[in-house]
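J.: Take the sequences, apply the hints, and build the full model.
Keeping their order, the protein sequence lines are chains P and B.
With the working numbering applied, the first sequence covers 1 to 328.
With the working numbering applied, the second sequence covers 1001 to 1424.
Do not take every clue at face value.
[To be verified] In silico lysine-lysine, PhoX-like type, Cα no more than 25 angstroms apart, as pairs:
1. K134/P x K153/P
2. K321/P x K1221/B
3. K116/P x K1397/B
4. K116/P x K134/P
5. K1221/B x K1300/B
[As the list claims (entries may be wrong)] Covered, in the sense of this in silico footprint (three residues per stretch, anywhere, with C-beta under 8 angstroms from a C-beta of chain P), are these stretches of chain B:
6. 1351-1361
7. 1392-1401
Hint data in this document are derived by calculation from the structure and do not stem from the laboratory.
For every residue, glycine included, the Cβ atom is placed at its ideal position computed from N, Cα and C.
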Amino acid sequence: MDWGFIFTTSMSAAIGISAIVFCLGAIGLNIQFGYTGLLNFGQAAFLAVAGYGLATTVTTLGLNFWLGIVVGMAATVVLAVILGIPTLRLRADYLAIVTIAAAEILRLTLRSVAFKDTFGGSDGLQQFSDAFYKLNPISPGAYDFGPFKYNEKSWWVIIVGWSLVAVWTLLVFLLMRSPFGRVLRGIREDEDAVRSLGKNVYWYKMQALILGGLGGAFAGFMLALGQSAVSPDAYATNLTFLIYVVLIIGGAARVFGPILGALIFSFLFQFVDVVLDQAVNTGLITFITSTQAAQIRLVMVGVGLMLLMIYRPQGILGDRKELQLDAR
Amino acid sequence: MVHWSVTRVIAVIVAALGLLGTVAVVSAGPASAEGEAIQGTLRDLAGAPVVGVTITVSNDGGFSDSSVSDAEGAWAVEVPGPGAYSVLLDEDTLPDGTTPPTVNPITTSADPGTPRFINFRLGERERNVQSRWDRAAQLSVEGLRFGLVLALAAVGLSLIYGTTGLTNFAHGEIMTFGAISTWFFNVNLGINLIGAAVLGVITAGVFGWAQERGLWRPLRKRGTGLIAMMIVSIGFALALANTYLIIFGGASRPYADYDSQAGIEFGPVSLTPKDMISMVIAAVILAIAGLALLKTRMGKATRAVADNPALAASSGIDVDRVIMVVWISGAALAGLGGVMLAMTQQVSYLMGTQTLLLIFAAVTLGGLGTAFGALVGSLVVGMLIQLSTLWINPELKNVGALLVMIIVLMVRPQGILGRRSRVG
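T.: Below, the structure written as structure tokens:
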């Protein structure tokens, strides 16, 4: 067992591209689920429309990169409105079922042969990220900072990504101590009380859904740019579930919850993978293969989510009293 | 107040996963002794064995071996290890009058330690020349069949929701559980599919009992919120599906019996005997479940608990016992649905996960919490999915069903048979 290697790869993963994607996705989800109490189980769909909005504009239509970013954000807002109109008047578990269904509809449509010319079928789309990497001021090469080892492209993604995380975190911090944030939290606690104060609950929920969706949109941009590709099956329902795990580990309804959750989750996810892989390869564990070792991680994520929800639904930073959500 | 320690919860989860593991470990023995093999049974349209046909299995690494089908039509080739193989049927050795298979050679992969079953479809009927009405008739029957599969799972999901308020995202995994345990009884232990299915359905019922006893009841006693329980069920589904993947592998596998049956034609509709029998069984079982809900004391108690648990408890109904019966029977029905689904599309670790949203669509369409609504919703969704392929590409058929669910929620959120008060 090479513990030095295990430590450096896990630390690198903790700040890597997937950590950024989880973090931005969880910031968006935090606005919807943590502060407003909306059970959005279609966060993957928001990542998908943003990534595909960008990729389709640049690759399929041959237009400008920045126009692609605008298209991606506009598509996210449209998706939030379409999802919100039928569901925001319904009870929480209906919203969950509709959003999860919408995400699946979107994924099946994106990967269908019927739209292969536009969305690239199950292969997805590539070659839309040149403009992003041209802005990279770092000269080519590998750079190590302590345990973090990446090349110039990945460092560029990491710098841009964590800057976006900082901007979004500041935004959430400012919004949630404003009157707007108090109304959102009021809706989560008691919708009728907020309504009796003359607030339009429906419109506030819609704003929360749109704003959280935009957080997801930036996660979608970073995922697409980090991999220089979009593929439909990257946006399966499991992605939404992982974002939930990240948010719940860190603590829902807390400004720094998504950041802490993303760092810890990405570290552990990589750590378990490398440890199990080395244990299998060095013969310490003989009853599983290394493919099975990678699959065990997702079993652990599932069991971890169960244990968290049962024993510490407030996560590391949260306040238990704030999260007594109930649907009935 | 029930004391509920961390170790106990872990023990329960491990026990739940272990229940499946035991089946796997017990049954893995004979399979790994056989090693990797590719095998199958050749039958013609009438179901009679086809004897004396040479089948050659080869791979890129230069391996090549052949087998001749015996008096039962069975053939088997031992292969050196897991990997991709090409299976070629020598068409010259087919008896006169037998139509060659449409796909030949078949490319397949061998999994570590288990035999792989390959079926050459001999004399497959051409269906391209059907008229639109003939196709509509055929699709309606297939839709009815799929609707019955959905109904078997949906009734349990809806009753569990009705009596406990839990939106169970792990219900699809109960279907997979029934299908996989039936597969182990059938293929690894060599029990005929009918007996294996009975055992598989019983195992699924036991699984339902274990879930309620070990997980959901303690959580209810603990006062865990419904949303929290829903997220727990998502974690449970994720853990279960990946446990199936580890134990069962990523490939789709058929049952050993009745795999390639010839269709019997009724006017424009062609149905295999196994389809007919399983549809009749499903319809009879659903009818029994419906009658039990309407006529028996337990059924009345179930409906009372679904209406108002507190009032039911105060009028002397043992609510926990009712919920337990709902869990056991709901899981057994879902297990049967899984077996029926696997008979048409083979057993895979994701089959339940992929069906879950359609079950939700069915339950939402019929009205969340009502058993008869779930039944009606399932049949509508099943027919809709199949008939929509008349106009749209089959790869998008589930999209149509999910869209209809969303539209129904906009127009009539309580569903076809639901009551308005259930929607907040």
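J.: Next, verify each hint and record whether it holds.
T.: How the hints compare with the structure:
1. K134/P x K153/P: 10 angstroms, holds
2. K321/P x K1221/B: Holds, at about 19 angstroms.
3. K116/P x K1397/B: 17 angstroms, holds
4. K116/P x K134/P: It is violated: about 28 angstroms lies between the C-alpha atoms, which goes past 25 angstroms.
5. K1221/B x K1300/B: 24 angstroms, holds
6. 1351-1361: Since 3 is at least three, the answer is holds.
7. 1392-1401: n = 5 at 8 angstroms, threshold three: holds.
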